[in-house]
Amino acid sequence: MNNPKAKELLKKVVVDVEAEASIESIGEQLLEIRNIALELNDPLVVKTLRIIKEKIEEDESLDFDIELEVPEEDLEEYEEPDNHLSHLLNLLIDSDNKYNREEIKWYRTAIWEEIY
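When the count follows my numbering, it moves up by one through the sequence shown with no breaks and lands on 176 for the last residue.
Be aware that a few hints might be false.
[Said to hold, decoys possible] As a list, the in silico EDC-like pairs of lysine to aspartate or glutamate whose alpha-carbon atoms are at most 16 Å apart:
1) K113 to E84
2) K115 to D154
3) K113 to D154
4) K115 to E174
5) K72 to E174
6) K115 to E68
Please keep in mind that the hints were generated in silico from the structure rather than gathered at the bench. Quantities reported herein were computed from a predicted structural model and do not represent experimental measurements.
Using the sequences and the accompanying hints, generate a full structural model.
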């Protein structure tokens, strides 16, 4: 995201996720960041933030076990993160990076398929 406030808020959410803060608090923060992404007209980030919020509220948990479909050509370089939610939020901090955007799309698709 190309917005200093959004980046700071995302960093705070990562800290809160790792500290296992309340789902409600994290959901509110994600909504605030999503509103900034709407202003920036970044549909990938907007949708990803919305479905992250929906998933943690639906699961009532910050445990973010998700099965990603990593393209075969990327399997060699891909390392499974310890915490998918923290990892995805960190990708969103630098969502302008084309490699991060690609991985964000993997997550978006996997979460979408899981909750819908």
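Results for each hint:
1. K113 to E84: Holds: K113 and E84 sit about 9 Å apart, inside 16 Å.
2. K115 to D154: 22 Å, violated
3. K113 to D154: 19 Å, violated
4. K115 to E174: Holds: K115 and E174 sit about 9 Å apart, inside 16 Å.
5. K72 to E174: Violated. K72 to E174 sits at ~26 Å, over the 16 Å cutoff.
6. K115 to E68: Between K115 and E68 the Cα gap is close to 22 Å, so the pair fails against 16 Å, i.e. violated.
Consistency with the previously given hints fails for numbers 2, 3, 5 and 6, ordered from lowest to highest.
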